[in-house]
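S.K.: Residue numbers (this note's numbering), protein chains in the order written: chain A, 1 to 345; chain B, 1 to 247.
Hints are computed from structural coordinates only; laboratory data are not their basis. The model shown is predicted, which means the values in this text are computed figures rather than measured ones. Check the hints yourself; a few may be wrong.
Stated by the list, open to error - Among chain A residues calculated to face chain B with C-beta under 8 Å, some are:
| hint | residue |
| --- | --- |
| 1 | Thr142 |
| 2 | Leu211 |
| 3 | Thr228 |
| 4 | Leu230 |
Stated by the list, open to error - Stretches of chain B that chain A covers, calculated by requiring three or more beta carbons in the stretch to come under 8 Å of a beta carbon on chain A:
| hint | segment |
| --- | --- |
| 5 | 70–76 |
| 6 | 95–108 |
For each residue, glycine too, the CB sits at the ideal point set by N, CA and C.
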Amino acid sequence: MTRPHLSPPHSPAAATPAGPRRWLDRQRLVHSALLALMLLAPVAAHLLGEVYYVNLASRIALVAMAAVGLNLAIGFGGMISFGHAAYFGLGGYVAGISAYHAFDGSLMMGLPGSDDMRVIWLAAVLLCGLLALAIGAISLRTTGVYFIMITLAFAQMVYYFATSWPDYGGEDGLPIYLRNSLPGVDTQDALSFFLICFAGLVLSLALTSRLMKSRFGAALTMARLNETRLATAGISPFPIRLVAFVISAMITGLAGALYADLNGFVSPSMLSWHLSGELMVIVILGGVGRLFGPLAGAILFVMMETLLGGLTEYWTFFLGLVLLGVVLFARQGVIGWLAGSERHG
Amino acid sequence: MGERVLSISGMSKRFGALQATQDVSLHLHAGEIHALIGPNGAGKSTLIAQIAGSLKPDAGEIRLGERDITALGVARRARLGLGRSFQVSCLAEPLSVLRNVMIGAQALQGHSFRFWRPVDSDPRLLAPAHAALERMHLAHRADTPVAALSHGERRQVEVACALVLEPQALLLDEPMAGLGPEGSARLTELLETLKHEVPILLIEHDMDAVFRLADRISVLVAGRVIAHGDGPTIRRDPRVRDAYLGD
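This is chain A alone, in the form it adopts within the complex:
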């Protein structure tokens, strides 16, 4: 039997698809590596007894999940929301207020509180969806700078509402004395709680990925790239954008509910425009419109905050430098730099 060619045949037909395919594989590799790092680092920290780092990983996972939600609006939908803290904070307050009433057995507007996370998550997702429906229905009638400003204005309204409502701590915030519970899981245990956060992150990534490949995703992509084309093809852009905005808010809100449980505390700072800005910075750092951008951005952001923040209180100066570098030289963010640029379908 003759040996096959040692070198691969140089047929152009075979060579052409190899290019994008290889990039795709590199992207998959980077995605898997990021997820593995996210999962294995806290497990290692747990084995070493370093609870602080397990909680730090939970924080990264939740901030990343909140940014995954925002990325759906900004990156995939082209809707530059500067008010996602409203949903993050509302989710947090749902967890806090529900736990508060469950703790002292009182009623809230006739409803009992609950310390069951499943109830809290459902309530957080539904309320954030409703709030986003109202805010989106008005804001999405504007575009560009006006959209940025109107989403900010709505979020500030929610912020001032929370600070001036003394029943739930007002400016001081509301403690959650005992972390809310989930049947079959010891939520007090740092690693168990991390796994819940990690599952939330993975789920939100999987949902976004699937969503963007569907008909809805195709319409949303077209709404971002060329809304006249979408309308001329027979699809009204407004309802598509509105639904994407609502889903985006729901993801961020769920992350907020978990974040309050992580800290055992919810305060108006979760609703502040600083937080909206931080989520935006994370999305831009990681790579706007890249599925894993928020995760890469959150890792970088929280690590810089922790490591540099420990050295100097001016750490945001260095964050600014990195952000400047990304905006000027790597428009697709850390993910674009790690995994290569993306090819549209």
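Starting from the structure of chain A, add chain B where the hints point.
M.R.: Chain B alone, transformed into the frame defined by chain A:
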């Protein structure tokens, strides 16, 4: 003459002091190409925009078949069968040609709030999109990003995007603009066969193409239809020669 597919009556539009459209009435019949000609600034594109629904007329009525569509939006009109191509191509540049065409097939098959099934492997979207590209001789460009296409190819993609909507009527705004003589001839041939399936309202500056293709011609000057008739009639009309054709 076939039945009326598209009727515009008494349409007017004013921008401040400029009367862009002035009491325009025209009809598109089954099986015909109706050309709309006139000098630059005559209000041709403004008229198309009003018919397609992206601009609201001050007065007048538009009917598609029997149906009054005057109050409907762009997307609704498109789904009812009003296909449109733009003077300046209006496509999603980073997306493949196929993706640009597929979105129309998607619109025809009901609402787009379907979140699960990937479009990449959906034969209900791929088949009509490929068929439309085939008709425009663009099958070989299906996977190319629009950004990499020549000007002429983009015009063809625009027509393919309109065709995939299975339109009742086509509004083509200068489809020949920027095409070389060869591309122009090919498109002329294509439109000639196409008109038997879909009547076409055609805006065009290429007079050879207009006189070859058009069954009827309306001449628009300063927002008003000044002449109307078949090719030879329009060619002879002194007002048209004066206003537009020259000498």
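S.K.: All the hints need checking, so say for each whether the structure fits it.
M.R.: For each hint, the structure was consulted:
For the restraint placing A:Thr142 at the interface with chain B, the shortest Cβ-Cβ distance is roughly 18 Å, beyond the 8 Å limit, so the hint is violated. Of the supplied interface hints, the one on A:Leu211 holds, with its beta-carbon coming within about 6 Å of a beta-carbon of chain B, less than 8 Å. Taking 8 Å as the C-beta contact cut-off toward chain B, the hint placing A:Thr228 at the interface holds, the least distance being around 5 Å. Checking A:Leu230 against chain B: minimum C-beta separation of about 7 Å stays under 8 Å; hint holds.
Coverage of the segment 70–76 of chain B by chain A holds in this model, with 4 residues showing a Cβ closer than 8 Å to a Cβ of that chain against a need of three. Restraint check on the segment 95–108 of chain B versus chain A: 10 residues with Cβ-Cβ distances below 8 Å, three needed, restraint holds.
Going down the numbered hints, you'll see the structure goes against just number 1.
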